[in-house]
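Participant: Here the protein sequences line up with chains R and Z, keeping their order.
For the first sequence, our numbering assigns the number 2 to the initial residue and increments by one for each residue that follows.
For the second sequence, our numbering assigns the number 2 to the initial residue and increments by one for each residue that follows.
Just to be clear, a hint being listed does not mean it is correct.
Partial chain R-side listing against chain Z, Cβ under 8 Å, derived [as the list claims (entries may be wrong)]:
#	residue
1	T5
2	K22
3	V30
4	N49
5	P52
6	Q55
7	P56
8	S59
9	H61
10	I80
11	I84
12	E86
13	Q93
14	S100
No wet-lab data here; the hints were simulated from the structure.
Think of the CB as a built atom: it goes at the ideal place given N, C-alpha and C, for glycine as much as any other residue.
Chain by chain, the residues run as shown.
2 protein chains.
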Amino acid sequence: MGATKTENFTDKQNSIATIAKALGHPARVAIIEYLIKVDTCICGDIVNELPLAQPTISQHLKELKNAGLIKGNIEGNSICYCIDEKAIQKLQSYFSKISAGLEKKNNCC
Amino acid sequence: MGATKTENFTDKQNSIATIAKALGHPARVAIIEYLIKVDTCICGDIVNELPLAQPTISQHLKELKNAGLIKGNIEGNSICYCIDEKAIQKLQSYFSKISAGLEKKNNCC
DNA sequence: ATTCTTTATCGTAATATTGCAATATTAAAT
DNA sequence: ATTTAATATTGCAATATTACGATAAAGAAT
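Please work from the sequences and hints to get the whole structure.
Facilitator: This is the structure we're talking about:
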């Protein structure tokens with residue numbers, strides 16, 4: 002026991018959970034926000050922005066990448082990271098749909 | 002080590018991360034979707050809908066509640082759960098803002 | 001060629017999450 | 001008062017995550 006039972010849920014549910022999970026850590030939220038704040042992709046820089054050690058940040062970047070939230074291109078001896086809009090759009094449309102679904106309800110609570 | 006360093010991030014970042022983390026598990030996504038699908042709040046029922054044991058579901062419900070995603074009212078000997086729209090709206094507006102921020106960029110990747 | 005810079009990986013300790021059986025709690029039904 | 005039904009809590013094992021020091025890898029700069 003201890004592992005998530007992904008096989009019992011739909012692909013869509015797993016997909017949303019994966020993206021949400023990647024954003025389930027403040028450092029990763031901060032990374033995404035920083036990528037948006039600066040007006041272009043980032044080569045380096047992230048390590049100086051966050052109060053975490055370099056290996057920790059590298060690990061967080063990897064998770065964001067695995068979840069499809071960011072893309073990374075090798076650019077000389079540094080790596081150019083930027084947001085993958087598809088994942089963000091997926092989340093946005095998902096929550097928009099949910100919000101819309103909520104408005105029709107007569108909530109009893 | 003091992004614990005998230007929340008004190009190094011802004012309240013907003015921690016707040017988004019907390020809500021996202023709560024949705025970072027397919028069972029909890031499924032619970033939210035089920036609460037939306039049925040046209041009212043749920044008293045009971047959730048345990049029969051999901052392929053997990055009752056204590057596990059109870060635990061997931063607790064996490065969704067702690068994150069502010071659902072509300073629960075005691076209703077006789079069962080509990081009436083429903084979605085807390087505020088949390089969903091918070092996420093939706095957050096991702097909308099991010100999406101909007103992305104459109105202005107000239108992404109290099 | 002050597003050094004510097006940037007990023008990744010390995011190893012490991014601390015902590016958190018997931019899942020469930022067993023048990024407790026609480027109110028309804030009998 | 002007992003039983004039933006719905007939910008929560010406890011305790012525990014399995015697994016995952018978080019964080020970082022040490023080290024590796026690979027291109028840039030000297």
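Participant: Work down the list of hints and note, for each, if the structure agrees.
Facilitator: Cross-check of the supplied hints:
{"no.": "1", "hint": "T5", "result": "holds (6 Å)"}
{"no.": "2", "hint": "K22", "result": "holds (3 Å)"}
{"no.": "3", "hint": "V30", "result": "holds (5 Å)"}
{"no.": "4", "hint": "N49", "result": "violated (14 Å)"}
{"no.": "5", "hint": "P52", "result": "holds (4 Å)"}
{"no.": "6", "hint": "Q55", "result": "violated (15 Å)"}
{"no.": "7", "hint": "P56", "result": "violated (12 Å)"}
{"no.": "8", "hint": "S59", "result": "violated (16 Å)"}
{"no.": "9", "hint": "H61", "result": "violated (11 Å)"}
{"no.": "10", "hint": "I80", "result": "violated (10 Å)"}
{"no.": "11", "hint": "I84", "result": "holds (6 Å)"}
{"no.": "12", "hint": "E86", "result": "holds (5 Å)"}
{"no.": "13", "hint": "Q93", "result": "holds (4 Å)"}
{"no.": "14", "hint": "S100", "result": "holds (5 Å)"}
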